[in-house]
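J.: Chains as they are written, first to last, in our numbering: chain A, 1 to 482; chain B, 1 to 482.
You may find that some hints are simply not true.
Derived DEER-like restraints, expressed as beta-carbon distance ranges [claimed, not checked]: (1) B:R277 with A:R47: 31 to 39 Å; (2) A:W122 with B:E51: 55 to 63 Å; (3) B:E59 with A:G335: 28 to 36 Å; (4) A:E382 with B:G335: 38 to 46 Å; (5) A:R55 with B:E59: 36 to 44 Å; (6) A:E382 with B:S28: 54 to 62 Å; (7) B:V332 with A:E249: 15 to 23 Å; (8) A:E3 with B:E51: 36 to 44 Å; (9) A:W122 with B:R185: 35 to 43 Å; (10) B:R6 with A:W122: 23 to 31 Å; (11) A:D102 with B:R418: 26 to 34 Å; (12) A:K320 with B:E379: 27 to 35 Å; (13) A:E3 with B:S28: 50 to 58 Å.
Since the hints were derived computationally from the structure, they do not count as laboratory data. Note that the Cβ used here is the ideal one computed from N, Cα and C, for glycine as well.
2 protein chains.
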Amino acid sequence: MAERRRWSEEYPRWFDWVLEAAGVYDWSHYPVKGMGVWLPYGYKIRRLVTELIRRLLDETGHEEILLPLLIPEHLMKREAEHIKGFEAEVYWVTRGGLHELDVKLALRPTSETVVTYMESFWLKSYKQLPAKYYQIVSIFRYETKATRPLIRLREVTTFKEAHTAHADFEDTERQVLEAIDVYKRFFDELGIPYIISRRPEWDKFAGAVYTIAFDTVMPDGKALQIGTVHNLGQNFTRAFDVKIQLPDETLDYIWQTSYGLSDRVIAAIISIHGDDRGLVLPPIVAPIQVVIVPIPAKSEEDERKLRDYIEGVAKELREKGIRVHVDWRQGVTPGYKFYDWELKGVPVRLEIGPRDVRNGTVVVARRDTLEKRTVKREEASETVLRLLDDISRSLRERAWRWFRSYVNRAETVEEARRILSEKRGIVEVPWCGREECGRKLEELTDAKVLGSPLQPPEWVRGARCPVCGAPAVTSLRLAKRY
Amino acid sequence: MAERRRWSEEYPRWFDWVLEAAGVYDWSHYPVKGMGVWLPYGYKIRRLVTELIRRLLDETGHEEILLPLLIPEHLMKREAEHIKGFEAEVYWVTRGGLHELDVKLALRPTSETVVTYMESFWLKSYKQLPAKYYQIVSIFRYETKATRPLIRLREVTTFKEAHTAHADFEDTERQVLEAIDVYKRFFDELGIPYIISRRPEWDKFAGAVYTIAFDTVMPDGKALQIGTVHNLGQNFTRAFDVKIQLPDETLDYIWQTSYGLSDRVIAAIISIHGDDRGLVLPPIVAPIQVVIVPIPAKSEEDERKLRDYIEGVAKELREKGIRVHVDWRQGVTPGYKFYDWELKGVPVRLEIGPRDVRNGTVVVARRDTLEKRTVKREEASETVLRLLDDISRSLRERAWRWFRSYVNRAETVEEARRILSEKRGIVEVPWCGREECGRKLEELTDAKVLGSPLQPPEWVRGARCPVCGAPAVTSLRLAKRY
Numbered sequence: 001m002a003e004r005r006r007w008s009e010e011y012p013r014w015f016d017w018v019l020e021a022a023g024v025y026d027w028s029h030y031p032v033k034g035m036g037v038w039l040p041y042g043y044k045i046r047r048l049v050t051e052l053i054r055r056l057l058d059e060t061g062h063e064e065i066l067l068p069l070l071i072p073e074h075l076m077k078r079e080a081e082h083i084k085g086f087e088a089e090v091y092w093v094t095r096g097g098l099h100e101l102d103v104k105l106a107l108r109p110t111s112e113t114v115v116t117y118m119e120s121f122w123l124k125s126y127k128q129l130p131a132k133y134y135q136i137v138s139i140f141r142y143e144t145k146a147t148r149p150l151i152r153l154r155e156v157t158t159f160k161e162a163h164t165a166h167a168d169f170e171d172t173e174r175q176v177l178e179a180i181d182v183y184k185r186f187f188d189e190l191g192i193p194y195i196i197s198r199r200p201e202w203d204k205f206a207g208a209v210y211t212i213a214f215d216t217v218m219p220d221g222k223a224l225q226i227g228t229v230h231n232l233g234q235n236f237t238r239a240f241d242v243k244i245q246l247p248d249e250t251l252d253y254i255w256q257t258s259y260g261l262s263d264r265v266i267a268a269i270i271s272i273h274g275d276d277r278g279l280v281l282p283p284i285v286a287p288i289q290v291v292i293v294p295i296p297a298k299s300e301e302d303e304r305k306l307r308d309y310i311e312g313v314a315k316e317l318r319e320k321g322i323r324v325h326v327d328w329r330q331g332v333t334p335g336y337k338f339y340d341w342e343l344k345g346v347p348v349r350l351e352i353g354p355r356d357v358r359n360g361t362v363v364v365a366r367r368d369t370l371e372k373r374t375v376k377r378e379e380a381s382e383t384v385l386r387l388l389d390d391i392s393r394s395l396r397e398r399a400w401r402w403f404r405s406y407v408n409r410a411e412t413v414e415e416a417r418r419i420l421s422e423k424r425g426i427v428e429v430p431w432c433g434r435e436e437c438g439r440k441l442e443e444l445t446d447a448k449v450l451g452s453p454l455q456p457p458e459w460v461r462g463a464r465c466p467v468c469g470a471p472a473v474t475s476l477r478l479a480k481r482y
Numbered sequence: 001m002a003e004r005r006r007w008s009e010e011y012p013r014w015f016d017w018v019l020e021a022a023g024v025y026d027w028s029h030y031p032v033k034g035m036g037v038w039l040p041y042g043y044k045i046r047r048l049v050t051e052l053i054r055r056l057l058d059e060t061g062h063e064e065i066l067l068p069l070l071i072p073e074h075l076m077k078r079e080a081e082h083i084k085g086f087e088a089e090v091y092w093v094t095r096g097g098l099h100e101l102d103v104k105l106a107l108r109p110t111s112e113t114v115v116t117y118m119e120s121f122w123l124k125s126y127k128q129l130p131a132k133y134y135q136i137v138s139i140f141r142y143e144t145k146a147t148r149p150l151i152r153l154r155e156v157t158t159f160k161e162a163h164t165a166h167a168d169f170e171d172t173e174r175q176v177l178e179a180i181d182v183y184k185r186f187f188d189e190l191g192i193p194y195i196i197s198r199r200p201e202w203d204k205f206a207g208a209v210y211t212i213a214f215d216t217v218m219p220d221g222k223a224l225q226i227g228t229v230h231n232l233g234q235n236f237t238r239a240f241d242v243k244i245q246l247p248d249e250t251l252d253y254i255w256q257t258s259y260g261l262s263d264r265v266i267a268a269i270i271s272i273h274g275d276d277r278g279l280v281l282p283p284i285v286a287p288i289q290v291v292i293v294p295i296p297a298k299s300e301e302d303e304r305k306l307r308d309y310i311e312g313v314a315k316e317l318r319e320k321g322i323r324v325h326v327d328w329r330q331g332v333t334p335g336y337k338f339y340d341w342e343l344k345g346v347p348v349r350l351e352i353g354p355r356d357v358r359n360g361t362v363v364v365a366r367r368d369t370l371e372k373r374t375v376k377r378e379e380a381s382e383t384v385l386r387l388l389d390d391i392s393r394s395l396r397e398r399a400w401r402w403f404r405s406y407v408n409r410a411e412t413v414e415e416a417r418r419i420l421s422e423k424r425g426i427v428e429v430p431w432c433g434r435e436e437c438g439r440k441l442e443e444l445t446d447a448k449v450l451g452s453p454l455q456p457p458e459w460v461r462g463a464r465c466p467v468c469g470a471p472a473v474t475s476l477r478l479a480k481r482y
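Next comes chain A alone, as it looks inside the complex:
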């Protein structure tokens, strides 16, 4: 197991350490670079994250489906921009058993081509629209950059991709806003701060009309893309010749959007909320929300009383819908158990010993602030419920405060470069809107563009592009990016 690392000062190594030490994801043993194993505890976190996004998508009328992994070459290559964007990173199956395949099969890097092809059979009339599908699957990208656990994988194991079909462009615009709203609620529930940018033309999804992205900042100050929403226009349906009948009985190509999330969401939860002791999980995705650690009694009589007392507390909490675990392990000290559950990020710990049985109390410790206090037994449930709420809110607020300190404005290239090299985070500069100046800014600051806000911000009025000096029409955000 990797050596313990400090969150604040050694972030990338802290991340590798905590993933394995807390039993989340085994990254170091699998003999193919960029692929790992979800371990039992990590898998439970992953399940709670996927259940949350499923709930938000189901509530907004999205329907879950499951599409094939293998995409024949002729489908994969039909939309020209799309394959140009992906050809360097597609894995190809070329052999079946002992035979060479007649048609090469791509491992899905994403499923726009498959969805569009299937829509040609499913959708015939505007009456069936909008149609909103999603799936949660593995996708594969032959990454040539250095891989990172959950952040840059060759097998992305938790890829949520949504695909929607519409009768006109206006409805795709409405859908993009709905997708943004769903993602906002998703990240808010998880306490992950974000900034929403329209990616520049030179960094949009291959095949999209435009791309909106959610970015957050990791503890090392580098920006991480954690969600994208694409307006695909009719690009794919033209390539696949997929038309529907409109109200006036004419035929037109379907309009589409697609939007995705990945394992990076879980990387962000872990990285942003964690600390030197390990994970700090938001209660909504904590497999165990409350762990009870018994403080051993000296006599058998007291031990029996303690057991009854603890099981009573646990039962009461479970009846309130709280995920509770009582750690009855023998042969390890309470101190060892504290350490273990802190590493695993359990939001609330109850310590209960013979003295608590006598006094009718329980000791309540919260993982985020490490504060500890004693409360009356009869107030235990209420205290825990309030505490779980409070921890959720407080993690979110702390993360946003921290994040905001990492989003800064600059007026000159020099200032932008200085912030990006010293403090990192995201820097926003006035921009004339020309690609040439955007690319120049990337070069001069040694950073990457995230894009512009959805609406030009007030503060750029009267400001000038720091590269060409022309009046700014919007702002441009830059960051060192994962």
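Got chain A; can you put chain B on it based on the hints?
T.: Chain B only, in chain A's frame:
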């Protein structure tokens, strides 16, 4: 969409028809043979099936994990028997982007090799045993036989594979029994009848010491393998050199079992319970357990009253934990809606019209027997709950009665052959235990061996092998198999 077919007389075509007509699985459009799409309604059935097996496995201490899909050639080939069994049906990834890969990667046909390799890092001492893992994933087999939806796929999309590790052989034997017990409870909940056989030596899992299989019979009388349990002994751990420390501090290879279920479970649910009108879903896996079809009122006043009345009934049922859908679609007749929900196999239909509002009644129709009756409004919830129970039990009993009629004994080759060609199903004959006679029986009856019961049955005592005439030591089961 395929033409409607009759369950009883045109089963294989009925199955293709119902999958698409009921919106379960799109099998006819994807351009790669043996791969299809789970549609929204089918996906919901699939989810309920996977939730059931997850619950049963979690309750018995199994832990869910997620292993990589891609297996490097050197892992895939390390256990000699295993790769011999699978080499004709493994898909290989040979290209990444525009490059030839240095190491070919197999798409998992199953994960024994990966699990064993990872266990070499995870498991060090007998104190960690037994360790019980499972995952639910897609597996890939380059089938050369004719493919069939959900039955013989090239992408098996719902493969539940469990993998366990033990300190000695006795514990693997205990685990095999636990696995059999879990599968029994699983199939019993689904109302799927089964027969449990020990597969003959010549048809065991590649790499196993022995294989136990669950088979059922499909409406055309052919047997379908729906679950397998393998005792792997030390075969894989020897090949991968995976040892643990025992209580006496010596080292020994770990002992293993593995067991699996697939999409075939869903094929069996659909095929065995269905009828000429379409699906008949057991309530436990019905996405909608009760559909309410409003019978339209003539006046606005009556329509408003009807709406309140129906929403009241729906709310009451939902509060009892029942999955309810009210079909408020406009522009289609109640008759059309009946047809539609019968096709989709919804267990209970309530019909509620203005007359019911006036009389304080609801009309209750059950999908399995198509019986209909009127009950008082205040008895609605109780009636529905009882009915759902009754439907579950009655589907199970009907299926078992039907299944038992398909399991027959024969004393001679001639009799076995006659039953297998006329009536099909499963035929059990006395057997001397020799492979030669078993294979001869397959040849003479033009059927395949399922194997022998776990214990030699009473009735073979004194009987003789119909091939060689030697005294029978057990029985052998034969069937036309999928």
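J.: Now, for every hint given, state plainly whether the structure supports it.
T.: Tested hints:
no.	hint	result
1	B:R277 with A:R47: 31 to 39 Å	36 Å, holds
2	A:W122 with B:E51: 55 to 63 Å	26 Å, violated
3	B:E59 with A:G335: 28 to 36 Å	32 Å, holds
4	A:E382 with B:G335: 38 to 46 Å	54 Å, violated
5	A:R55 with B:E59: 36 to 44 Å	24 Å, violated
6	A:E382 with B:S28: 54 to 62 Å	57 Å, holds
7	B:V332 with A:E249: 15 to 23 Å	21 Å, holds
8	A:E3 with B:E51: 36 to 44 Å	40 Å, holds
9	A:W122 with B:R185: 35 to 43 Å	37 Å, holds
10	B:R6 with A:W122: 23 to 31 Å	26 Å, holds
11	A:D102 with B:R418: 26 to 34 Å	43 Å, violated
12	A:K320 with B:E379: 27 to 35 Å	33 Å, holds
13	A:E3 with B:S28: 50 to 58 Å	56 Å, holds
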